[in-house]
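Q: This is what each chain is made of:
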Amino acid sequence: MARAVSTRRKIATTTLAWLVGLLIFFPIFWTILTSFKTEAQAINNPPLFWGFEFTLENYAVVQERSDYMRFLWNSVIIAGGSTLLGILIAVPAAWSMAFVPSKRTKDILLWMLSTKMLPAVGVLYPISLIFVELGLLDTRIGLIVILMLINLPIIVWMLYTYFREIPGEILEAARMDGAGLKEEILFVLTPMAIPGIASTILLNVILAWNEAFWTLNLTAANAAPLTAFIASYSSPEGLFYAKLSAASTMAIAPILILGWFSQKQLVRGLTFGAVK
Amino acid sequence: MSPKTALRASAALALGLFATAASAQDTTITIATVNNGDMIRMQGYTNLFTEQTGIAVEWVTLEENVLRQRVTTDITTNGGQFDIMTIGMYETPIWGANGWLVPLDGLSEAYDVDDILPAMRNGLSHDGTLYAAPFYGESSMVMYRTDLMEAAGLEMPEAPTWEFIAEAAAAMNDPANEIYGICLRGKPGWGEGGAFITVTANSFGARWFDEEWNAQFDQPEWEQALTFFVDLMNSYGPPGYATNGFNENLSLFQQGRCGMWIDATVAASFVTNPTDSTVADSVGFALAPNHEGVERRSNWLWAWALAIPAGTQQADAALQFIEWATSREYIELVAANEGWANVPPGARTSLYETPEYQAVPFADMTLRSILAADPTNPTVDPVPYVGIQFVAIPEFAGIATEVSQEFAEVYAGQQSVQEALANAQALTNDAMEAAGYR
Numbered sequence: 001m002a003r004a005v006s007t008r009r010k011i012a013t014t015t016l017a018w019l020v021g022l023l024i025f026f027p028i029f030w031t032i033l034t035s036f037k038t039e040a041q042a043i044n045n046p047p048l049f050w051g052f053e054f055t056l057e058n059y060a061v062v063q064e065r066s067d068y069m070r071f072l073w074n075s076v077i078i079a080g081g082s083t084l085l086g087i088l089i090a091v092p093a094a095w096s097m098a099f100v101p102s103k104r105t106k107d108i109l110l111w112m113l114s115t116k117m118l119p120a121v122g123v124l125y126p127i128s129l130i131f132v133e134l135g136l137l138d139t140r141i142g143l144i145v146i147l148m149l150i151n152l153p154i155i156v157w158m159l160y161t162y163f164r165e166i167p168g169e170i171l172e173a174a175r176m177d178g179a180g181l182k183e184e185i186l187f188v189l190t191p192m193a194i195p196g197i198a199s200t201i202l203l204n205v206i207l208a209w210n211e212a213f214w215t216l217n218l219t220a221a222n223a224a225p226l227t228a229f230i231a232s233y234s235s236p237e238g239l240f241y242a243k244l245s246a247a248s249t250m251a252i253a254p255i256l257i258l259g260w261f262s263q264k265q266l267v268r269g270l271t272f273g274a275v276k
Numbered sequence: 001m002s003p004k005t006a007l008r009a010s011a012a013l014a015l016g017l018f019a020t021a022a023s024a025q026d027t028t029i030t031i032a033t034v035n036n037g038d039m040i041r042m043q044g045y046t047n048l049f050t051e052q053t054g055i056a057v058e059w060v061t062l063e064e065n066v067l068r069q070r071v072t073t074d075i076t077t078n079g080g081q082f083d084i085m086t087i088g089m090y091e092t093p094i095w096g097a098n099g100w101l102v103p104l105d106g107l108s109e110a111y112d113v114d115d116i117l118p119a120m121r122n123g124l125s126h127d128g129t130l131y132a133a134p135f136y137g138e139s140s141m142v143m144y145r146t147d148l149m150e151a152a153g154l155e156m157p158e159a160p161t162w163e164f165i166a167e168a169a170a171a172m173n174d175p176a177n178e179i180y181g182i183c184l185r186g187k188p189g190w191g192e193g194g195a196f197i198t199v200t201a202n203s204f205g206a207r208w209f210d211e212e213w214n215a216q217f218d219q220p221e222w223e224q225a226l227t228f229f230v231d232l233m234n235s236y237g238p239p240g241y242a243t244n245g246f247n248e249n250l251s252l253f254q255q256g257r258c259g260m261w262i263d264a265t266v267a268a269s270f271v272t273n274p275t276d277s278t279v280a281d282s283v284g285f286a287l288a289p290n291h292e293g294v295e296r297r298s299n300w301l302w303a304w305a306l307a308i309p310a311g312t313q314q315a316d317a318a319l320q321f322i323e324w325a326t327s328r329e330y331i332e333l334v335a336a337n338e339g340w341a342n343v344p345p346g347a348r349t350s351l352y353e354t355p356e357y358q359a360v361p362f363a364d365m366t367l368r369s370i371l372a373a374d375p376t377n378p379t380v381d382p383v384p385y386v387g388i389q390f391v392a393i394p395e396f397a398g399i400a401t402e403v404s405q406e407f408a409e410v411y412a413g414q415q416s417v418q419e420a421l422a423n424a425q426a427l428t429n430d431a432m433e434a435a436g437y438r
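Sequences listed follow chains A and B, in order. Just so it is clear: in the first sequence, position 107 is 107 by the UniProt record's numbering, and no numbers are missing. Just so it is clear: in the second sequence, position 139 is 139 by the UniProt record's numbering, and no numbers are missing.
These are calculated hints, taken from the structure and not from any lab test. Since we're looking at a predicted model, the values are computed, not measured. Be aware that a few hints might be false.
Distance ranges between label pairs, derived from CB positions [stated by the list, open to error]: (1) B:Y437 / A:F261: 33 to 43 Å; (2) A:L16 / B:T243: 51 to 61 Å; (3) A:I24 / B:E395: 48 to 58 Å; (4) B:G398 / A:T14: 45 to 55 Å; (5) A:W73 / B:G128: 24 to 34 Å; (6) B:T243 / A:N44: 51 to 61 Å.
Now the stretches of chain B that chain A is said to cover, found in silico as 3 or more residues with beta-carbon under 8 Å [unchecked claim]: (7) 75-88; (8) 342-351.
No residue lacks a Cβ here, since even glycine has one placed at the ideal position from N, Cα and C.
Could you put together the complete structure from these sequences and hints?
A: Right, dumping it as structure tokens:
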């Protein structure tokens with residue numbers, strides 16, 4: 001039976017949710033706002049919320065100085081490629097862990113997650129040397145492989161959790177109907193796990209899009225994605241906050257729009273199984 | 001690994017190798033640099049260099065700390081991603097000594113290497129060999145509000161003492177109207193607050209190490225310097241100065257919230273630029289101060305310079321670019337298009353002999369500040385190291401960052417001067433022992 005909730009309580013929780021939401025969104029809002037100010041207005045104290053001279057000059061300067069489309073294209077290829085490669089590897093892995101677990105499955109899952117606990121800089125030199133040897137420095141394919149490896153534990157864990165929610169009996173029935181392993185995964189399991197797979201893809205695209213350690217350290221001129229584009233506007237000696245904000249807005253815009261349109265899917269996927 | 005995964009990985013590697021081999025055929029040089037105004041301006045003129053020489057240029061602009069990490073990794077793993085690197089005075093002698101940089105002894109006669117300011121040339125050399133050509137150089141000096149000084153009935157001497165600075169800060173301090181007597185760096189980091197407190201200590205006669213590489217934080221000069229700094233900033237500095245670095249103080253000064261600011265000479269062109277600065281027409285300059293009775297002043301020396309990593313396949317093209325970018329002709333090119341106040345300062349003697357440049361308000365004080373800096377003799381007592389606001393040994397960046405964090409805790413009121421100095425002494429000696437200096 002649904003609990004009766006008083007109107008006052010409803011107003012209080014809604015207000016709180018809005019406040020938390022606005023608090024989380026504020027840095028993004030401020031970045032976007034600053035990108036339309038002049039450099040002098042950007043550092044004005046008290047900060048200017050309105051009444052400033054709206055300008056598009058920063059966007060013009062950024063556009064003139066950097067090849068935005070090249071950075072954007074690299075980001076799309078790297079984030080998309082690493083996620084797809086990760087999914088291709090993780091679906092069979094998660095299937096075997098969810099439906100044919102061995103006594104070591106839990107240990108393997110925990111071990112996979114433990115690789116995320118090592119700070120990335122700890123393996124900077126080994127990875128750099130491997131990349132030099134294999135000629136993968138500053139290539140998109142190199143970044144696709146490294147970002148896939150970094151996000152693989154998360155993809156496997158998420159898919160494993162979703163697959164566990166699917167009754168094994170359905171798969172058994174498919175097998176009895178003569179489905180092989182390939183058909184079972186492709187035509188029975190995958191369609192049922194679509195919401196889970198979709199939210200895993202979305203989350204991993206976001207993670208790969210925002211990854212700013214390997215994408216900065218393993219690229220130079222050719223494969224640099226939008227993280228390098230933002231980093232190029234940060235200055236130790238000089239105030240270029242408005243231009244930095246314009247560059248940041250341009251870098252986060254595609255992923256923000258993607259997140260906006262897919263938020264229902266994302267929330268549904270992330271809370272899948274949490275409210276049973 | 002499954003056969004399919006192995007196949008995919010092999011295909012990926014083959015593609016990667018092919019891509020690298022293909023890109024090596026063009027005459028394109030890749031330059032790693034920082035996002036400083038002068039560097040960005042240079043990028044705008046690069047097409048002229050390409051027209052003259054046929055050499056295309058790719059720029060990789062990074063944040064300073066990321067750049068350091070990136071180029072260090074590249075150079076130590078022989079990655080060969082960059083043909084030119086923008087590095088500073090701290091790295092150049094160390095990397096030159098390690099054989100990581102190509103010596104710049106092939107510079108043409110027309111380039112006139114003797115025109116480079118001697119202080120810059122020495123700082124960018126190891127054992128007399130030049131390893132990087134300065135693109136622009138800087139020292140530090142006092143920038144002050146002439147209107148506030150006048151209102152306070154004081155006159156800034158050309159070479160003030162710390163005692164006068166404290167007096168002037170007290171006179172100009174007006175926190176009720178959000179005007180603070182003095183703004184200085186407190187932000188942790190060897191190149192931020194660490195650099196500033198080191199030069200302050202120099203001007204009180206303190207030093208980082210004695211000739212046997214023993215840390216000197218237990219000496220009275222350090223306590224005197226740190227106590228003076230903390231008292232000055234607590235009394236007349238802006239709130240939260242423990243987190244202020246160059247950019248934060250620049251912002252405060254441009255908005256008219258600082259009576260004085262002691263920092264890099266390169267800031268002079270920013271604070272006198274009427275587009276960004278509200279106090280552009282009332283800024284004066286003076287030499288960095290010293291403690292009464294101590295001859296050394298608290299000015300530093302730094303250069304952003306262009307160097308060629310030893311792993312490059314395009315050393316000749318890289319050298320051609322360095323000659324072009326750090327030449328007198330480049331300075332004249334910028335002057336003709338954007339005015340003399342916007343040329344890269346602090347690298348060449350001839351710039352300061354140019355009458356048009358002598359008319360720029362901060363030119364004279366910048367030159368005098370640079371000339372007054374001596375990296376081999378930074379403080380009163382002899383030291384075993386080279387460097388003024390840094391010690392040119394590889395371990396320094398790590399040690400000084402930790403020490404500056406200890407000091408920042410004093411600025412934030414979390415520990416006493418004595419506690420911070422005791423901690424700094426212990427951690428520095430430990431690190432130096434572990435590194436084999438002691």
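Q: Against each hint, give a clear statement of whether it holds in the structure.
A: A quick look at each hint next to the structure:
no.: 1; hint: B:Y437 / A:F261: 33 to 43 Å; verdict: violated (59 Å)
no.: 2; hint: A:L16 / B:T243: 51 to 61 Å; verdict: violated (31 Å)
no.: 3; hint: A:I24 / B:E395: 48 to 58 Å; verdict: violated (41 Å)
no.: 4; hint: B:G398 / A:T14: 45 to 55 Å; verdict: holds (50 Å)
no.: 5; hint: A:W73 / B:G128: 24 to 34 Å; verdict: violated (48 Å)
no.: 6; hint: B:T243 / A:N44: 51 to 61 Å; verdict: violated (19 Å)
no.: 7; hint: 75-88; verdict: holds (count 7)
no.: 8; hint: 342-351; verdict: violated (count 0)
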